[in-house]
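Number of protein chains: 2
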Amino acid sequence: MSIVVVGSVAFDTVETPSGRVERCVAGAATYFSLAASYFTQVRVIGVVGEDFLPEHEAILTRRGVDTRGLDHVSGKSFFWQGSYMKNLNEAQTLATELNVFQSFTPKIPAEYRDSEYLFLANIDPVLQEEVRRSMPDVRMVCGDTMNYWITGHRENLERVLKGLDALLINDGEAKLLAGDGNLMRAAAKILEMGPKSLVVKHGEYGATAFFSERSFPGLAKSDAHVLTVPFRAPALPLSEVVDPTGAGDSFAGGFFGYLASQGELTPAVFKRAMFYGGVMGSFTVERFGTERLQQLDRDEIEKRFALFRQLSHLD
Amino acid sequence: MSIVVVGSVAFDTVETPSGRVERCVAGAATYFSLAASYFTQVRVIGVVGEDFLPEHEAILTRRGVDTRGLDHVSGKSFFWQGSYMKNLNEAQTLATELNVFQSFTPKIPAEYRDSEYLFLANIDPVLQEEVRRSMPDVRMVCGDTMNYWITGHRENLERVLKGLDALLINDGEAKLLAGDGNLMRAAAKILEMGPKSLVVKHGEYGATAFFSERSFPGLAKSDAHVLTVPFRAPALPLSEVVDPTGAGDSFAGGFFGYLASQGELTPAVFKRAMFYGGVMGSFTVERFGTERLQQLDRDEIEKRFALFRQLSHLD
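Chains as they are written, first to last, in full-length UniProt numbering: chain C, 1 to 315; chain A, 1 to 315.
If a hint is listed, it holds; no wrong ones were tucked in.
No farther apart than 25 Å at their CA atoms in a straight line, the calculated lysine-lysine pairs in the DSS-like style are these: (1) K86/A <-> K175/C; (2) K303/A <-> K221/C; (3) K86/A <-> K189/C; (4) K86/C <-> K189/A; (5) K303/C <-> K271/A; (6) K175/A <-> K86/C; (7) K303/A <-> K271/C; (8) K271/A <-> K271/C; (9) K303/C <-> K221/A; (10) K162/A <-> K189/A.
Think of the hints as simulated: they come from the structure by calculation, not from any bench.
Please take these sequences and the hints and turn them into a complete structure.
Laid out in structure tokens, this is it:
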């Protein structure tokens with residue numbers, strides 16, 4: 001089952017206590033695509049400039065990612081520069097050059113139309129909605145957003161939320177979106193805004209899934225109790241976080257890639273997807289940029305999945 | 001198997017967004033004792049003043065806690081006043097009156113000497129060491145500490161650490177003690193200071209256990225791989241945290257109470273103890289002070305244990 005992802009493809013320059021990387025291929029859609037590519041076929045929609053060369057695109061295509069939806073236009077690609085020197089948990093933005101991303105108009109190739117899974121990475125909710133409308137037949141739509149859209153583009157975002165099977169955001173975003181500092185209450189409020197399920201990412205503490213009665217349409221009434229208990233997947237404690245950039249997008253890629261690979265959506269599949277999300281995030285932060293995500297194999301992924309189980313399971 | 005706990009017994013006045021409680025019976029040894037009392041016999045060592053009346057002591061004795069080690073002296077009991085109005089995750093101290101606690105000299109009743117488990121709650125490491133030395137035959141000693149002792153009484157604390165089977169502290173204390181902001185590296189450094197195992201509490205995100213080759217003396221060589229993977233127990237997301245005071249001490253009580261009740265120390269027992277710690281912490285914060293801890297039964301505890309399993313387990 002293939003996934004279409006729309007989002008940013010960018011160059012990042014990042015410094016962390018472990019070192020520095022210059023203009024590596026990054027952006028939410030890149031991290032998502034690479035992480036999901038280990039589970040299913042991924043098709044990307046984005047925009048890049050003249051500085052985005054075949055060698056850059058090859059990072060995606062070598063992993064089998066379909067890049068026919070990557071629009072090459074004149075100008076420079078989206079560029080971000082950040083530092084984690086002060087705090088590994090929060091990037092300090094040193095430069096943001098939107099460049100060609102500023103006038104991004106997603107174009108969906110005809111070949112993408114049979115995809116049944118759609119991921120709306122963190123972009124203008126107006127564009128998220130547009131892509132969503134252009135693919136009315138998808139079975140499942142998940143999405144991300146950020147504080148900028150929550151505070152400044154609320155009405156547009158609310159329209160997107162109504163159409164989501166799952167919203168994936170972090171703690172701070174969830175509390176801001178709900179206007180409530182308590183995570184349980186915030187989750188209940190967000191689920192009332194439309195998403196059938198909510199995944200809140202906690203960085204080094206893992207992620208929590210919150211369900212609603214709309215989460216699993218075919219669920220037997222006798223199993224309805226599973227909806228009332230959130231599900232918490234751990235993150236892997238690492239002795240060196242080399243570069244935290246892209247951990248959340250890699251989580252989303254692992255999560256949604258695994259879901260798409262399974263076909264049917266059950267609580268058990270959703271929970272395993274949460275673990276695969278954590279697994280892919282843990283690989284990403286072990287190296288700079290997408291370096292680690294480019295060279296994995298399924299066996300390493302399964303071994304780490306087993307590690308996540310050992311980390312969190314009583315037996 | 002009975003536990004001796006030495007630590008503070010106090011009166012707390014606490015305000016939180018949920019309300020306010022005046023001079024309730026509190027202190028680390030109180031929370032610990034009540035939480036552990038659902039698993040095993042508990043014997044407390046502490047000091048109280050003339051304001052500590054039979055009705056206050058009854059909160060402990062009704063739960064079967066042996067209070068013969070509670071020294072009644074002239075003066076007022078330890079009093080603490082705190083506010084969580086600004087931040088539910090961190091108390092703002094409004095008043096600390098050590099009173100009789102200032103000249104606390106632990107006295108161990110002869111009847112306590114056959115206890116095989118000892119918990120050194122957060123007090124001056126000189127007193128922790130003294131109690132530890134007075135009970136040379138205990139099978140297992142766990143302890144807590146805080147920033148004040150870590151920064152100002154380091155040498156004394158280091159002597160205590162050498163004798164601990166497990167140290168239970170929070171994230172910030174672990175990073176301060178190790179002088180390292182990375183939790184995995186901090187844990188490794190702390191285990192080198194002496195504790196056989198380390199439990200780091202993350203508040204609403206649960207707790208993580210770190211092991212060493214000394215954690216489980218009888219462990220088969222073929223099972224040594226379990227020592228290399230930390231174990232993370234979740235905390236229960238709650239829609240209202242009424243009063244976070246005592247959550248960490250209740251965790252310690254549930255954790256050590258369960259360990260003591262099991263007799264043998266295996267990785268499986270340790271991991272279940274981590275869950276019981278989280279369970280008892282989750283009850284404590286549902287009401288003010290020790291209110292909830294006074295009126296539990298083992299059936300409620302087992303039901304919540306099952307909830308913790310559902311919250312974190314794939315199947």
